[in-house]
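**Q** In case you want the letters, here they are:
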Amino acid sequence: MIIAKPKPIDEIINEVKDLDKILVAGCDGCVTVCEAGGMKEAQILGSALRMYFRQAGKDTKVDEISLTRQCDRPYLEQAADKVKEYDAVVSLACGAGVQFLAETFNGKPIFPGVNTCFIGVTEQKGEWTERCQACGDCILASTGGICPIARCSKRMSNGPCGGSSNGNCEISKDTACGWHLIYERLKELGQLDRFERPNEPKNWSTSRDGGPRKVIKEVSHQ
Amino acid sequence: MSIENGNSPSKLKKIFEAGHFAVTSECGPPRSSDGHEVEEKAHLIGDYVDAINVTDNQTAVVRLCSLASCIRIKQMGYEPILQMVTRDRNRIGMQADILGAASFGIDTMLCLTGDHQSFGDHPTAANVFDLDSTQLIATVKQMRDEKKLLSGFEMKVGPQMFIGAAANPFADPFEIRVSRLAKKVAAGAQFIQTQCIYNMEKFKLWMKLIVDRGLHEKVYIMAGLTPMKSLGMAKYMKNRVPGMDVPDSVINRLAGVPKEKQAEEGIKMCIEQIQELKEVEGVRGFHIMAIEWEQKVPEIVKGGGLYPRPKVD
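The listed protein sequences derive, respectively, from chains A and B. Position one of the first sequence corresponds to residue 162 (this note's numbering), numbered consecutively onward. Position one of the second sequence corresponds to residue 442 (this note's numbering), numbered consecutively onward.
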């Protein structure tokens, strides 16, 4: 899923402090699971904003809503009447949701309430880690199911570099060396021959390097 | 010896082929546009080595570029080794620089991935890493042997590079290190400069594994050496530099002499290492990285019995 984290409250206040009516819009998708932007977090942010405005002596209206998904048009349209009532929306969806909201509601200022971080997994309650950079050309078959693009700090195709130690990356002792993990897993799978086979330069055109991407699936109309 | 005989007029290659121990050292360009600093460093070491490595924004700190420094050194009549890291340029930029280097007669390269930018003076910079070191080696080989760019475009004149790579025998886990070297050799590496050696036992074990696999007959291996200037430096290298293996015996030996004698002791240790490494099967040369201490290279080369440098055509 997409992992996000809430923006600092001061940054959000700075954007909305002069408005009279603000809607905080959560999203029931990924950001709910990673506890950054669901209804619960929308209510927490809403309370914090109301407290700020009260202390500032302002009578600003702040309400909350959460949409099933902000990355699907029908759900955005369900909120159309509500959105109209406000000067602006603070969206707690990922960057895709924020933008889709902005595209849907022409002329309505939309502010992001979270920082969108990465595609990752829940390690344990309250801890999420990166697994995928959406390069568009998956190589996991050859790397023991562990991605060197997401998990090597130098995104090497033929790692590890000389800087790893005790299984950790040179940039931080808290970061596992992706290639160390790949090596250990290939060994476990009896596929160490893959480790010595040089991997060719990657085609990055399917990644963000190739420009904004689009996926089209033939839809069958049965 | 059946080192793949890619076409290159490289002096370093000729030294190896004539059966001599090769000697290289390095020159780190300044953090300014003062090209004379490069020339001064080259002057200090030029007559004591076969070729001079020129680092490419080492430790991710911006410096006068390797290519321009190499051209200066070449014009002085010395042989530069163009170091190239894949961190800062994509395959277009790197191939262009390789062609530019070759156009000035630069014929020896060292292909590296490069330190992560988080260690340097611009930690917020984007990194590139379009290719990695292994892929850069294969790229240079293709440009030389097939006269083709990675795109497949055929060149009228290709760069005639003798291709080097780095190896760190001490990185962890140890069991990966020989495998990884084999991979670089498979990609086209013809000579290897190792990480600086302090743990002689571990290095010898690594060399034995290299020899057992016959890799020493496929690639020329140069032992990397960095003399210790002081006890403080030794401790720093032990504790702070990623992938470095400094045994307590080295620390203790430096700690055992007065502070003003530590530099001299460091040089002595380096010379003893050369003597010892000359006897290790598969070691074909020495890469002396006297960091900001280039003036000591002549003393080390002489002390190691490696001077005068042989003449080759």
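It should be emphasised that the hints constitute simulated quantities derived from the structure, not laboratory data. Be aware that one or more of the hints could be misleading.
Claimed, not checked - Which chain A residues face chain B? A few, computed with CB under 7 Å, are given here:
(1) Ala209
(2) Thr277
(3) Phe279
(4) Arg316
(5) Asn319
(6) Ser326
(7) Tyr344
(8) Asp354
(9) Glu357
As the list claims (entries may be wrong) - Estimated spans, in silico, between C-beta atoms of each pair:
(10) A:Ile205 <-> B:Lys700: 51 to 61 Å
(11) B:Lys700 <-> A:Ile300: 44 to 54 Å
(12) B:Val753 <-> A:Gln294: 28 to 38 Å
As the list claims (entries may be wrong) - Calculated cross-link-like contacts (lysine-lysine; reagent style DSS-like; alpha-carbon spacing at most 30 Å):
(13) A:Lys348 <-> B:Lys649
(14) B:Lys515 <-> B:Lys589
(15) B:Lys597 <-> A:Lys363
(16) A:Lys245 <-> A:Lys222
(17) B:Lys589 <-> A:Lys363
(18) B:Lys676 <-> A:Lys363
We put the CB at the ideal spot given by N, CA and C, even for glycine.
**Q** All hints are to be evaluated individually against the structure, with a verdict given for each.
**A** Each hint tested on the structure:
1. A hinted interface residue such as Ala209 of chain A counts as satisfied when its beta carbon comes closer than 7 Å to some beta carbon of chain B; here the least separation is about 30 Å, so the hint is violated.
2. Taking 7 Å as the C-beta cut-off, the interface hint given for Thr277 of chain A is violated, the closest approach to chain B being about 18 Å.
3. At about 16 Å, the closest approach between the beta carbon of Phe279 of chain A and any beta carbon in chain B exceeds 7 Å, and the interface hint on this residue is violated.
4. Checking Arg316 of chain A against chain B: minimum C-beta separation of about 5 Å stays under 7 Å; hint holds.
5. For Asn319 of chain A, the interface hint holds, the least distance from its beta-carbon to any beta-carbon of chain B being 4 Å, beneath 7 Å.
6. Interface restraint check: Ser326 of chain A against chain B, minimum CB-CB distance 4 Å, threshold 7 Å, status holds.
7. Because the closest C-beta pair between Tyr344 of chain A and chain B is about 6 Å apart, less than 7 Å, the hint holds.
8. Among the interface hints, the one on Asp354 of chain A is violated; its C-beta lies about 10 Å from the nearest C-beta in chain B, farther than the 7 Å criterion.
9. With 7 Å as the threshold, the beta carbon of Glu357 of chain A comes within range of chain B, its nearest partner Cβ sitting at about 5 Å, so the hint holds.
10. The hint said 51 to 61 Å for the Cβ distance between Ile205 of chain A and Lys700 of chain B, and at roughly 59 Å that hint holds.
11. A hinted range of 44 to 54 Å for the beta carbons of Lys700 of chain B and Ile300 of chain A is consistent with their spacing of about 53 Å.
12. Between Val753 of chain B and Gln294 of chain A the beta carbon distance is about 48 Å. The supplied range of 28 to 38 Å is therefore violated.
13. Between Lys348 of chain A and Lys649 of chain B the alpha-carbon distance is near 22 Å, which keeps this suggested pair within the 30 Å criterion.
14. Proposed proximity of Lys515 of chain B and Lys589 of chain B is supported: the alpha carbons are some 25 Å apart, at most 30 Å.
15. For the given pair, Lys597 of chain B sits about 26 Å from Lys363 of chain A by alpha-carbon distance, which is consistent with the 30 Å threshold.
16. At roughly 14 Å between alpha-carbon atoms, Lys245 of chain A and Lys222 of chain A fall within 30 Å of each other, so this suggested pair holds.
17. Among the hinted pairs, Lys589 of chain B with Lys363 of chain A is consistent with the structure: their alpha-carbon atoms are about 18 Å apart, no more than 30 Å.
18. For the given pair, Lys676 of chain B sits about 40 Å from Lys363 of chain A by alpha-carbon distance, which is inconsistent with the 30 Å threshold.
Going through the hint list in order, the structure does not satisfy hints 1, 2, 3, 8, 12 and 18.
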